[in-house]
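Student: The opening residue of the sequence shown carries number 1 in our numbering; numbering runs sequentially from there.
Calculated from the structure, these hints are not laboratory results.
Beta carbons: idealized from backbone N, C-alpha and C, even for Gly.
Nothing false has been slipped in among the hints.
Straight-line alpha carbon distances no greater than 30 Å define the calculated DSBU-like cross-link-like pairs of lysine-lysine that follow: (1) Lys144 with Lys134; (2) Lys144 with Lys104; (3) Lys134 with Lys104.
Cβ pair distances, simulated, as ranges: (4) Arg33 with Gln209: 17 to 25 Å; (5) Asn108 with Thr192: 19 to 27 Å; (6) Thr167 with Lys134: 33 to 41 Å; (7) Arg136 with Gly156: 42 to 50 Å; (8) Arg66 with Ser140: 36 to 44 Å; (9) Pro3 with Asn108: 38 to 46 Å; (10) Leu137 with Glu62: 35 to 43 Å.
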Amino acid sequence: MPPPSLTFLHTSPVHVATFDALLAELAPEIPVRHIVEEALLERARAEDVAAVSGRLSELLRELEGRAAVLVCTCSTIGNATEALGSERLPVMRIDRPMAEAAVKAGQNGAVLILAALDSTLGPTRALIEDAARKLRLPASIQIKLCTGAWTLFESGDLAGYTACITTELDSLPEPLPAVVVLAQASMAPAATQTRLSVPVLSSPRLGAQAAVALYRQTT
Numbered sequence: 001m002p003p004p005s006l007t008f009l010h011t012s013p014v015h016v017a018t019f020d021a022l023l024a025e026l027a028p029e030i031p032v033r034h035i036v037e038e039a040l041l042e043r044a045r046a047e048d049v050a051a052v053s054g055r056l057s058e059l060l061r062e063l064e065g066r067a068a069v070l071v072c073t074c075s076t077i078g079n080a081t082e083a084l085g086s087e088r089l090p091v092m093r094i095d096r097p098m099a100e101a102a103v104k105a106g107q108n109g110a111v112l113i114l115a116a117l118d119s120t121l122g123p124t125r126a127l128i129e130d131a132a133r134k135l136r137l138p139a140s141i142q143i144k145l146c147t148g149a150w151t152l153f154e155s156g157d158l159a160g161y162t163a164c165i166t167t168e169l170d171s172l173p174e175p176l177p178a179v180v181v182l183a184q185a186s187m188a189p190a191a192t193q194t195r196l197s198v199p200v201l202s203s204p205r206l207g208a209q210a211a212v213a214l215y216r217q218t219t
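Using the sequences and the accompanying hints, generate a full structural model.
Tutor: This is the structure in structure tokens:
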């Protein structure tokens with residue numbers, strides 16, 4: 001029987017290559033599996049996140065014994081997925097380590113959440129507030145939607161999507177926040193392209209590092 005995997009749950013196939021590359025760099029010995037269910041995000045947006053709880057529960061039951069850790073890379077359904085974790089199958093959301101880092105970096109100013117998809121704003125704000133409570137640190141949170149970016153993503157224009165987000169970052173007005181959080185994993189390339197003078201955090205690398213650590217603790 002193969003060893004249990006570090007399993008990623010995505011709502012877009014674009015994330016598979018990103019996390020394959022990160023795991024090949026960070027922990028090539030760990031078996032990795034990807035599950036892509038675009039319908040989860042589609043339904044959560046059309047109805048609400050509660051509408052996908054049944055399917056998420058079913059997925060977790062299917063993965064017990066086959067996955068050592070499940071990582072949800074979708075910010076919109078991240079909290080709902082994380083809440084279903086158990087001792088049999090720990091679940092982490094990819095953006096929690098980023099949120100913790102943002103709270104620490106934002107102690108002397110605002111944490112700005114920049115999102116490409118409006119359904120991500122509420123869950124990401126709630127996550128940062130939760131991280132602040134657990135770290136017992138203050139968090140002044142601002143939110144901003146990158147208008148037009150998600151249409152580019154949905155059309156497959158990933159270069160245009162990243163350029164749109166980068167332009168939004170580069171044009172942020174004064175006073176600047178202490179730190180910017182990119183609310184979705186797909187936004188990560190903009191963090192390395194922006195000329196913004198404050199830290200811009202994205203979730204893939206920070207989340208992958210935490211996932212590897214959790215996998216090693218579990219197995």
